[in-house]
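J.: Using the sequences and the hints given, assemble the complete structure.
Now for the letters of each chain:
There are 2 protein chains.
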Amino acid sequence: MKNVKDFIGQHLEQVDQYLLEAIRTQPLTDSLKESMLYSLEAGGKRVRPMLLLAVLDEFGVPLEKGLDAACALEYIHTYSLIHDDLPAMDNDDLRRGKPTNHIVYGEATAILAGDALLTEAFRLISSSNQYTDSQKVALITLLSEAAGAAGMVGGQLMDMEAEGKLVELEHLQKIHALKTGALLRFSIEAGALLANVQLEEKKELMTYAHALGILFQVQDDILDVTSDSASLGKTAGKDEAANKSTYPALLTLEGAIAERDRYHKEAAGALTAIGKQDGLLKSFADYISYREN
Amino acid sequence: MKNVKDFIGQHLEQVDQYLLEAIRTQPLTDSLKESMLYSLEAGGKRVRPMLLLAVLDEFGVPLEKGLDAACALEYIHTYSLIHDDLPAMDNDDLRRGKPTNHIVYGEATAILAGDALLTEAFRLISSSNQYTDSQKVALITLLSEAAGAAGMVGGQLMDMEAEGKLVELEHLQKIHALKTGALLRFSIEAGALLANVQLEEKKELMTYAHALGILFQVQDDILDVTSDSASLGKTAGKDEAANKSTYPALLTLEGAIAERDRYHKEAAGALTAIGKQDGLLKSFADYISYREN
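Protein chains in written order, with our numbering: chain A, 1035 to 1327; chain B, 1035 to 1327.
If you're looking for bench data, these hints aren't it; they were derived computationally from the structure. Mixed in with the good hints, there may be bad ones.
Because identical chains cannot be distinguished in the list, a pair is counted as satisfied if it fits within a single copy or across any two copies.
Below are the EDC-like pairs computed for lysine to aspartate or glutamate, each with C-alpha atoms no more than 16 Å apart in a straight line [as the list claims (entries may be wrong)]:
hint, residue 1, residue 2
1, K1079, D1273
2, K1272, D1124
3, K1272, D1127
4, K1067, E1195
5, K1208, D1064
6, K1132, E1075
7, K1272, D1126
8, K1316, D1295
Predicted, not measured: the structure shown is a model, and the values here were computed from it.
T.: Right, here's the structure in full:
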């Protein structure tokens, strides 16, 4: 069985290089470029790009085919973190153990760096030499839907509006399906598109993607309760302090763990249905479900 | 000679309807949708979309062909105003005589509404039924270049960095070429693309577009000195109070007026070279040069 940690280990440097070079090589205003690169460099394991590449790997497509879409996705994810951390939003000073963008560059530059990364995502795909026009259009449609008002941005607003209230589980799931799930689904859907995955298989992959989105968030919530700030690279226990709706708050910690295990089973089941129960995507689901930070 | 005021009068309602309906008809979180529509509704004369449509009109192409690109452009322009007005940026409470987005909806929602409109611009083009895939890709490439780090966003940052200093005329022109010029150039270039304008004619149109960008800014600066807040719908005299680099500050008011007239002549000359000296685009240049708000 291919292992996700080996896969990330093998490809992380290439992905990091690729997404930084695409910005570094442009003639941009210094402070704007620095600010964009600062947040891109604090990237961690590049879960979303790696997931897209993992789909290509699973279906035997050369990974180069996925680089532009994967990097565009990471630009969108990075912009969303920069804007989310702003004082008017989550007001976070620390992200992955480093001062957040606006702490280093000021709020105005952070807002603009986010805007620039968001715009750059679409430029990267539309000017790519890896795709046909038809693939570009399909990727941009999917990415703009996932990232926009009916996707991630909408979820971010619903999340803010739910702050300080305990909402119903169904509402919490809707928030996460948009806020974090939409980009994770894009990883899988874009990979399936570029690998020409047929309809029946794609249906199972999207079930897998949906489960993965929930797993990601449940485990995030569980770690906020069970881990410490040093392991997380961010402030632990913050959700409870903010009286935030989380899976443990709504279901108890045991209930959240049961929910995680249920969705892990669902993800594994979808992969089994297409004969991919022992591959890289299965390892990805294990990793997201049982990671420690 | 076709007149720009008649043209805008004839098409404003259709453009307004079109760009609002594309948001209204989507199932979005209420507060996000309201905030996006609020700033879109305060739209004024839609100079950028009208300019794109004017190119189509000048070359005999049905205006329907331009609607999606024109509205995408207006989404980008509107998002940039929302973000520019934020406390961390220009800190403006008033825009076109109405409270700015963050005054009404709060900063967090205003940031997200801007992000959503920016994303929506690319979604609108990529999911359009007015264009071929090849046209979509070309439009998205042009728009993302014009709006992003090497275009409008870069110009906005350079403008902030120049605040409170008197910069050289050349630097001021660079700032404006990016901050306001890039989107105006997109209006013309997208119009030329959709009208299949040939290379030699396109070259003249881009000269016209460049001159128009400068005209727009020079006249803006002149009005800030010579007009009052009621006529402008925003605070007059703000540039001088902020010790901002403007054409009148660098060249005196008379010098700025001479600069405006020089670029007006350049714009007119480019149109004459392609036999369009008496058409709608000429009327547009007259309007932008001699407008009173």
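J.: For the identical chains here, do K1272 and D1124 meet the 16 Å Cα criterion within one copy, between copies, both, or neither?
T.: within (11 Å within a copy, 32 Å between copies)
J.: At most 16 Å between CA atoms: does that hold for K1067 and E1195 within a copy, between copies, both, or neither?
T.: between (33 Å within a copy, 14 Å between copies)
J.: With identical chains treated as interchangeable, where does the CA-CA distance between K1208 and D1064 reach 16 Å or less: within a copy, between copies, both, or neither?
T.: between (40 Å within a copy, 15 Å between copies)
J.: When Cα atoms must be at most 16 Å apart, do K1272 and D1127 count as within-copy, between-copy, both, or neither?
T.: Cα proximity of K1272 and D1127: one copy only (13 Å, versus 33 Å across).
J.: Can you tell me if K1132 and E1075 fall within 16 Å by alpha carbon in one copy, between copies, both or neither?
T.: Answer is within; shortest intra-copy Cα gap is 11 Å, inter-copy 40 Å.
J.: From the Cα coordinates, with 16 Å as the cut-off, is the pair K1079 and D1273 best called within, between, both, or neither?
T.: neither (23 Å within a copy, 46 Å between copies)
J.: When no copy is named, should K1272 and D1126 be tagged within, between, both, or neither for a Cα gap of at most 16 Å?
T.: Result: close within a single copy only, 11 Å intra versus 33 Å inter.
J.: Are the CA atoms of K1316 and D1295 at most 16 Å apart within a copy, between copies, both, or neither?
T.: within (14 Å within a copy, 68 Å between copies)
Violation of the numbered hints given earlier is confined to hint 1; every other hint is satisfied by the structure.
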